[in-house]
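Asks: Quick note, the sequences are listed as chains A and B, same order. If you read the first sequence in our numbering, its first letter stands for residue 17, the second for the next number, and so on. If you read the second sequence in our numbering, its first letter stands for residue 17, the second for the next number, and so on.
A couple of the hints might just be wrong.
Copies of the same chain look alike in the list, so a pair counts if it works inside one copy or between any two.
What the hints assert, rightly or not - Derived lysine-lysine pairs resembling DSS-like cross-links, with alpha carbons at most 27 Å apart:
no., residue 1, residue 2
1, K258, K357
2, K288, K231
3, K61, K136
4, K357, K204
5, K61, K231
6, K204, K258
7, K58, K156
8, K156, K61
9, K165, K61
10, K258, K136
11, K231, K204
12, K58, K136
13, K136, K156
14, K204, K163
15, K165, K136
16, K61, K163
17, K288, K258
18, K163, K58
Simulated from the structure, these hints should not be mistaken for laboratory data. Small disclaimer: the values here were computed from a predicted structure and weren't measured.
2 protein chains.
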Amino acid sequence: MEDNAKPSGTDVPTLADVAVAAGVSTATVSRCLNSPDRVTQKTLKIVMDAVDRLGYSPNYSARALAAGRTNTIGAIIPTMENAIFARGIQAFQEELQQNGCTLLVASSSYRQDLEEEQIKTLTVRGADALLLIGYQRDPKVYEFLAKRKIPAVLTWVSDPDSDHLSVGFNNRQAMKSLAELVLENGHKVIGCITAETSANDRARDRVSGIRDAMKEAGLDPSELLVEETQYSIENGDVAFRKLMAARPRPTAVMCGNDVLAVGALRAASALKLEIPGDVSITGFDDIELASVAPVPLTTVHVPHRRMGQFAAQALMAALNGNAPDNIELPTSICFRETLGKAPAPNKR
Amino acid sequence: MEDNAKPSGTDVPTLADVAVAAGVSTATVSRCLNSPDRVTQKTLKIVMDAVDRLGYSPNYSARALAAGRTNTIGAIIPTMENAIFARGIQAFQEELQQNGCTLLVASSSYRQDLEEEQIKTLTVRGADALLLIGYQRDPKVYEFLAKRKIPAVLTWVSDPDSDHLSVGFNNRQAMKSLAELVLENGHKVIGCITAETSANDRARDRVSGIRDAMKEAGLDPSELLVEETQYSIENGDVAFRKLMAARPRPTAVMCGNDVLAVGALRAASALKLEIPGDVSITGFDDIELASVAPVPLTTVHVPHRRMGQFAAQALMAALNGNAPDNIELPTSICFRETLGKAPAPNKR
């Protein structure tokens with residue numbers, strides 16, 4: 017098959033080169049690499065010295081196919097900026113490491129087409145299993161993974177009705193809980209700054225959570241003032257200014273994550289608005305940024321580290337032939353200083 | 017060779033399965049995948065439909081070896097937390113994408129042993145080229161990459177005397193420029209919070225830059241009060257408190273990066289120290305965090321985006337058989353509000 021043709025015009029050392037250098041058969045070299053306990057210490061040393069000297073790397077792709085494992089795990093996250101996914105992925109990696117696995121991460125810029133390409137690249141490059149963010153993708157992607165028998169764990173989401181393995185949390189319920197607190201503080205005109213909801217199920221669920229709470233409190237959920245943008249401090253700043261120009265002006269702005277909320281805080285400070293005296297602002301995630309914000313941020317705490325750790329354990333279980341259970345982790349509200357009572361009407 | 021044995025007990029579709037499903041020879045399937053212009057549109061459609069239906073992926077590893085390219089590029093960064101490397105890597109990825117390449121990133125937790133493992137994994141998994149951070153690693157790693165003909169670009173550093181391709185900046189000179197400003201403001205007792213310098217050439221160079229400036233200003237560089245820790249807001253906070261307990265107490269604390277500096281700011285606020293009235297604090301990097309810190313941070317601005325972009329261009333050039341030049345990018349001082357005059361002696 018021409019797919020296995022030896023590369024021409026390169027001098028990447030082959031197994032045969034190692035055999036010649038070590039003065040042994042290729043079968044012996046192969047045995048040293050695959051079953052070192054079946055050769056003598058002396059032979060092993062001679063062969064491994066030759067391996068080192070020539071810079072030979074066994075073709076793990078083919079070998080792993082035979083063994084069924086490469087010990088490489090892939091993760092595709094929407095962005096490496098803003099540290100939104102950083103802590104969870106770090107914990108995921110630490111747990112994998114303890115299981116002798118190496119993590120390779122790709123970042124899709126929140127683009128489904130790129131994510132699909134990256135899933136193929138990671139699979140072709142031999143990833144044993146994948147961590148992905150959210151549920152929303154072309155069903156063909158799930159079929160592809162199923163056909164190739166690549167276990168995937170979906171994180172940052174939890175839906176008991178889904179067929180797909182997940183380790184995450186309920187975005188809608190988490191945001192609803194925070195929205196209930198906002199409403200209890202007397203806020204009736206509420207703004208929301210969110211990531212684009214069409215391609216991001218986490219963002220969509222969080223907005224729905226706010227609407228759920230409004231509905232239960234007897235407010236019209238369609239009156240929620242929504243600004244869609246991309247996650248960044250700068251974009252949070254711009255969106256907050258737009259919301260402050262609306263009439264009636266929102267007395268509370270709930271942000272889809274902490275990064276947007278910190279941008280909103282920055283804009284509020286520039287607009288000489290007191291937080292929370294004039295406007296309340298909330299976040300989501302509880303990344304480190306939330307606690308060092310100019311006004312420490314009231315936000316939803318997500319157990320990122322445990323999510324990453326449990327996701328790794330679920331994939332390890334799946335790779336060992338078990339059927340791991342979905343895990344839904346509880347979130348909590350982290351009370352700091354940006355949520356307060358709605359200002360009296362004459363103060364608005 | 018047993019390395020190429022067909023996996024047993026799995027039903028990953030093979031080229032032969034596609035041939036059977038499409039009713040053509042394996043040679044035709046192979047031609048469709050490798051030289052689609054050599055088959056008719058009709059045949060191509062029949063075969064590619066079978067490929068999709070079965071979820072077949074050609075063995076790109078072997079194919080790419082023959083072609084010499086996989087269009088996969090690897091990057092190994094010390095950490096994904098704290099967004100230190102995020103912006104540069106994002107720009108690196110965007111530039112690669114425009115060249116049809118996919119980026120896979122590994123994170124080494126600042127550990128050389130893990131980085132070596134990850135270099136091997138990425139190489140074995142078919143990375144065409146690598147981006148690495150800093151110069152400092154076992155010479156064997158460079159030998160390994162040279163033998164395997166994997167171009168590597170070293171970033172976040174610049175040393176005209178090095179043989180290795182680099183796209184980065186001069187950490188020592190950048191920090192020296194900032195230290196000169198600190199000294200011009202009358203500070204004589206200076207503290208420094210840095211990452212561990214033994215395994216981190218960027219951190220070491222930044223500390224050396226402060227000492228260079230002290231020496232030129234007639235101060236004894238050995239009097240620099242150095243706290244080594246790992247990059248995190250929490251660790252910056254702890255280290256700052258240690259420095260504030262020293263006698264004489266530093267009137268300026270220069271931090272190895274913005275993350276540590278934001279931790280120092282948090283501690284200063286807890287200690288009721290005015291910034292910069294009582295103590296000046298400086299950072300390094302100019303990540304987004306610096307501008308939203310409780311007191312906006314005076315820091316060294318690093319052109320992260322351009323560095324990532326130029327690093328990708330350098331690798332593309334190397335892969336196309338050219339010998340790209342090293343690039344040293346200028347840094348600049350970003351003046352905000354945390355650097356001021358040293359307090360009068362009676363105020364200390």
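Asks: Are the hints correct? Go through all of them and say.
Replies: Taking the hints in turn, this is what the structure says about them:
1. Within a single copy, K258 and K357 get their C-alpha atoms as close as 22 Å, which meets the 27 Å cut-off; across copies the closest is 39 Å, which misses it.
2. For a Cα distance limit of 27 Å, the shortest separation of K288 from K231 qualifies neither inside one copy, at 32 Å, nor across copies, at 45 Å.
3. In this homomeric assembly, K61 and K136 come within 27 Å of each other (Cα to Cα) only across copies, at 20 Å, whereas the closest approach inside a single copy is 38 Å.
4. Taking the shortest Cα distances, K357 and K204 sit within 27 Å of each other inside one copy (11 Å), while across copies they are farther apart (48 Å).
5. In the homo-oligomer, the alpha carbons of K61 and K231 never lie at most 27 Å apart, since the shortest distance is 72 Å inside one protomer and 52 Å across protomers.
6. Taking identical chains as interchangeable, the C-alpha atoms of K204 and K258 lie at most 27 Å apart only when both belong to the same chain, with a minimum of 18 Å there against 47 Å between chains.
7. For the homomeric pair K58 and K156, the shortest alpha-carbon distance between copies (23 Å) is at most 27 Å, but the shortest distance inside one copy (52 Å) is not.
8. When the C-alpha separation of K156 and K61 is checked against a cutoff of 27 Å, the pair qualifies only between copies, where the shortest distance is 18 Å, while the shortest distance within a copy is 48 Å.
9. In this homomeric assembly, K165 and K61 come within 27 Å of each other (Cα to Cα) only across copies, at 26 Å, whereas the closest approach inside a single copy is 37 Å.
10. Proximity of K258 and K136 under a CA criterion of 27 Å is satisfied in neither setting, with 40 Å inside one chain copy and 50 Å between copies.
11. Taking the shortest alpha-carbon separations for K231 and K204, only the intra-copy value of 12 Å comes in at or below 27 Å, while the best inter-copy value is 62 Å.
12. When the C-alpha separation of K58 and K136 is checked against a cutoff of 27 Å, the pair qualifies only between copies, where the shortest distance is 25 Å, while the shortest distance within a copy is 42 Å.
13. Only within a single protomer do K136 and K156 lie at most 27 Å apart by alpha-carbon distance; the minimum there is 12 Å, versus 32 Å between protomers.
14. In the homo-oligomer, the alpha carbons of K204 and K163 never lie at most 27 Å apart, since the shortest distance is 50 Å inside one protomer and 67 Å across protomers.
15. In the homo-oligomer, the alpha carbons of K165 and K136 lie at most 27 Å apart both inside one protomer (13 Å) and across protomers (25 Å), since each shortest distance falls under that limit.
16. Taking the shortest alpha-carbon separations for K61 and K163, only the inter-copy value of 21 Å comes in at or below 27 Å, while the best intra-copy value is 41 Å.
17. Taking the shortest alpha-carbon separations for K288 and K258, only the intra-copy value of 15 Å comes in at or below 27 Å, while the best inter-copy value is 36 Å.
18. Taking the shortest alpha-carbon separations for K163 and K58, only the inter-copy value of 26 Å comes in at or below 27 Å, while the best intra-copy value is 44 Å.
In this structure, the hints that do not hold are numbers 2, 5, 10 and 14, in rising order.
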